[in-house]
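There are 2 protein chains.
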Amino acid sequence: MRLSKYFLPILRETPKEAEIVSHRLMLRAGMVRQQSAGIYSWLPLGHRVLRKVERIVEEEQARAGAVQLLMPTIQSADLWRESGRYDAYGKEMLRITDRHERDMLFGPTNEEMITDIFRGYVRSYKDLPLNLYHIQWKFRDEVRPRFGIMRGREFLMKDAYSFDIDKEAARHAYNRMFVAYLRTFARMGLKAIPMKADTGPIGGDMSHEFIILASTGESEVFLNKALLDLDTPAEDTDFFSDLTPIVDAWTTPYAATDEMHDAAAFDAIPEENRVSARGIEVGHIFYFGTKYSDAMGAKVATSEGTEVPVHMGSYGIGVSRLLGALIEANHDDDGIIWPASVAPFHVGLVNLKAGDEMTDAACEDMYAKLEAAGIEVLYDDTDNRAGAKFATMDLIGLPYQVVAGPRGLKDGVLEVKNRATGEKEMLSPEATLNKLVAALTA
Amino acid sequence: MRLSKYFLPILRETPKEAEIVSHRLMLRAGMVRQQSAGIYSWLPLGHRVLRKVERIVEEEQARAGAVQLLMPTIQSADLWRESGRYDAYGKEMLRITDRHERDMLFGPTNEEMITDIFRGYVRSYKDLPLNLYHIQWKFRDEVRPRFGIMRGREFLMKDAYSFDIDKEAARHAYNRMFVAYLRTFARMGLKAIPMKADTGPIGGDMSHEFIILASTGESEVFLNKALLDLDTPAEDTDFFSDLTPIVDAWTTPYAATDEMHDAAAFDAIPEENRVSARGIEVGHIFYFGTKYSDAMGAKVATSEGTEVPVHMGSYGIGVSRLLGALIEANHDDDGIIWPASVAPFHVGLVNLKAGDEMTDAACEDMYAKLEAAGIEVLYDDTDNRAGAKFATMDLIGLPYQVVAGPRGLKDGVLEVKNRATGEKEMLSPEATLNKLVAALTA
Chain Z
1 MRLSKYFLPI LRETPKEAEI VSHRLMLRAG MVRQQSAGIY SWLPLGHRVL
51 RKVERIVEEE QARAGAVQLL MPTIQSADLW RESGRYDAYG KEMLRITDRH
101 ERDMLFGPTN EEMITDIFRG YVRSYKDLPL NLYHIQWKFR DEVRPRFGIM
151 RGREFLMKDA YSFDIDKEAA RHAYNRMFVA YLRTFARMGL KAIPMKADTG
201 PIGGDMSHEF IILASTGESE VFLNKALLDL DTPAEDTDFF SDLTPIVDAW
251 TTPYAATDEM HDAAAFDAIP EENRVSARGI EVGHIFYFGT KYSDAMGAKV
301 ATSEGTEVPV HMGSYGIGVS RLLGALIEAN HDDDGIIWPA SVAPFHVGLV
351 NLKAGDEMTD AACEDMYAKL EAAGIEVLYD DTDNRAGAKF ATMDLIGLPY
401 QVVAGPRGLK DGVLEVKNRA TGEKEMLSPE ATLNKLVAAL TA
Chain E
1 MRLSKYFLPI LRETPKEAEI VSHRLMLRAG MVRQQSAGIY SWLPLGHRVL
51 RKVERIVEEE QARAGAVQLL MPTIQSADLW RESGRYDAYG KEMLRITDRH
101 ERDMLFGPTN EEMITDIFRG YVRSYKDLPL NLYHIQWKFR DEVRPRFGIM
151 RGREFLMKDA YSFDIDKEAA RHAYNRMFVA YLRTFARMGL KAIPMKADTG
201 PIGGDMSHEF IILASTGESE VFLNKALLDL DTPAEDTDFF SDLTPIVDAW
251 TTPYAATDEM HDAAAFDAIP EENRVSARGI EVGHIFYFGT KYSDAMGAKV
301 ATSEGTEVPV HMGSYGIGVS RLLGALIEAN HDDDGIIWPA SVAPFHVGLV
351 NLKAGDEMTD AACEDMYAKL EAAGIEVLYD DTDNRAGAKF ATMDLIGLPY
401 QVVAGPRGLK DGVLEVKNRA TGEKEMLSPE ATLNKLVAAL TA
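Protein chains in written order, with this note's numbering: chain Z, 1 to 442; chain E, 1 to 442.
Hints in this document: simulated from the structure, not taken from any laboratory. Hints are supplied without guarantee of correctness; some may be wrong.
Which copy? The list can't say, so a pair holds if one copy fits it or any two copies do.
Taking lysine-lysine pairs in the DSSO-like style, the calculated list, with each CA pair at most 30 Å apart, reads [as the list claims (entries may be wrong)]:
{"#": "1", "residue 1": "16", "residue 2": "299"}
{"#": "2", "residue 1": "353", "residue 2": "196"}
{"#": "3", "residue 1": "291", "residue 2": "225"}
{"#": "4", "residue 1": "126", "residue 2": "5"}
These numbers come from a predicted model, not from an experiment.
Let the sequences and hints guide you as you build the complete structure.
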């Protein structure tokens, strides 16, 4: 993409309304624009990252056997009256009356609707296990939206719902999502720690939050250092094998949010292994048994022919929120430092003298070759000042920068900068291409 | 994808509520489920087609220089008060009051918001031309939603907005979208004819509807047969060259919807070239000059330093509606006949004797090889009856079916069926693979 034909509205000033670093950087880097309190447009750069995050989520959901569909944003209140949540949900639900005076709402979550879909079609244990998910915009009318897209009102969530014949099968469905989540966040370069969460009135031990560690995180967390050294489950993990060993490995060492913290248990950890840190919740998985299937009559026939309510779980990932978490975990004073897997582009190519024949030709050549290699390039072909170009590239945080100017080109070299380490090398065009292909393509 | 692990709720009965063939087939093929009047869930098969259609739209928008972003669904009423449309829009606008009693709405279109984004950042002619687009769910509270997703309330639309320094540049922006639309619909296997549309109070000749010809179309259209023989603009069309010759070629022969029909002009066409047919609107492009930029103060500095309101156009494609149009244009008595470019899967692989060692092995082998070749396969590995399997495959309309049974395998052959032509061949596994790779991969 040529910057001259792109839309990248960089802000030179730090916006006053932004309280946290990810919000500041997203505004400054032209990733989002606030349209109303807690409601954002995703400008082209932000939209690209959102899509990269979505793709990783989708690939890992598919690997774990979840099937994608898409439910609408607007729901009928009737479904929520069936489950009893219409009155219980309170003011966070955006309630709407349509032209025929029917009560509707903008979905804050989809347990009711997915249960309705399930009961509409599925009759037999033979159709189980089933996990259906979608990635859709949700609305929660927060009384005080803040932290940019981290606590917005309109936000993008992946929510999956599992359906199983009994609790044992549901536990396996739960474990599949548990493992999928470990892989999903790891692929984004994030260290996500599952922490036991409150299961509320249902009880039991089947609810975990996935918390990203970031020094600017929203809440305090406590964990055993051993968790930081665990390996991510491999790509070829068989999701339909027994996943208990993986789940046990990740849930045995102590880890808890402030809310669930047990100081005595934490103190029992050898002191050198006690980590207290800041965290950001990016995922939450939950087994809730027959809560909705009982209320809404979602039953299946067992192999013996009796009808039983289906056992369900739900599994959320805050897709838009993840962009904030990614920036909280990956930035420095100059701007964002994207992990390659979610970077809006892989390489920023800077032409230091647009209009100069030799520089233009070197840039065009490098641009064409990188794109042909499947590397996504943002090519700054504008006539802005060099200093502004460098500042923009550091701010938007692409993994590599390639700088071409008349001085270097006289010696046959380009400057290649690694945004994360700051390391700079002067390389021939051929060596530049080889280096970037090796670093950025699998 | 193995059917045993998929969610494909086929309806054997024809749903009574469906008035038109695309609605009937989408319900029967398990593509959509109605959740409220005019509001649908996109079940896995329907969701896959929606995504294929989106990808083609995105690729052609990018080719024409449009840049993708994403605006939110919920908008502030204040923006619409600025343009004067808040009161003018009527009951089709879904109006919402949030918890702080602010007037909001579910966006039926985005002229106001995109103008707000533009005026927030762009100051100079140097940043033009600019075309920003998104693909987002819209809501229009139709008094009587019908025809399934063809006239739903919550629908997916691609809307692009162009910004130019003057009318001449805006005409070029308009032509780029005109050409992009010809390519977009052609890639979906559709014959789309641009027809002059009413420009309302603004006047001029810069508004066209793109109409798909389908015998079950919603409205009557009239055209010169010459339009059916025109070539689609090539993939390597230079969108920043003069596109007038292409636009002229497509707009000179007579073509009009019922509304704009000029019987005298039509009668002037040689009789053998007069075509009257049924059509479905799938796109609409529109130049509206400074209507919104005047009202909302979206100005740019010219090269002479004076400030002028920016010239705008908007360009819509009914993405979800296209699925209905595609089915109206591509079906027979047995079901849907998907063009390969938008088919949910390319091949349906039917195991006639699941559990039989030789048949299972042949199917697994073919499944693995097709997937490795980049061909998307829906593998019916269930133990349903053969008749039901064939009926389902015909109904969901994948371009090819490959049928494996013990009888054929004894002779070393599979049956390969072309869904569109009905042609069947008995081929060795190797010949099957070669044929499908040749037919389905570019």
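Under a CA distance limit of 30 Å, which applies to residue 16 and residue 299: within one copy, between copies, both, or neither? So residue 16 and residue 299 pass the 30 Å test across copies only (25 Å; inside, 53 Å).
Checking residue 126 and residue 5: alpha-carbon separation at most 30 Å within a copy, between copies, both or neither? For residue 126 and residue 5, only the inter-copy Cα distance (10 Å) is at most 30 Å; the intra-copy one is 54 Å.
Intra- versus inter-copy proximity for residue 196 and residue 353 (alpha-carbon distance at most 30 Å): Neither, since 55 Å and 46 Å both go past 30 Å.
Is it within, between, both, or neither for residue 291 and residue 225, if the alpha carbons may be no more than 30 Å apart? neither (36 Å within a copy, 61 Å between copies)
In summary, the structure is inconsistent with hints 2 and 3 from the numbered list given earlier, while agreeing with the others.
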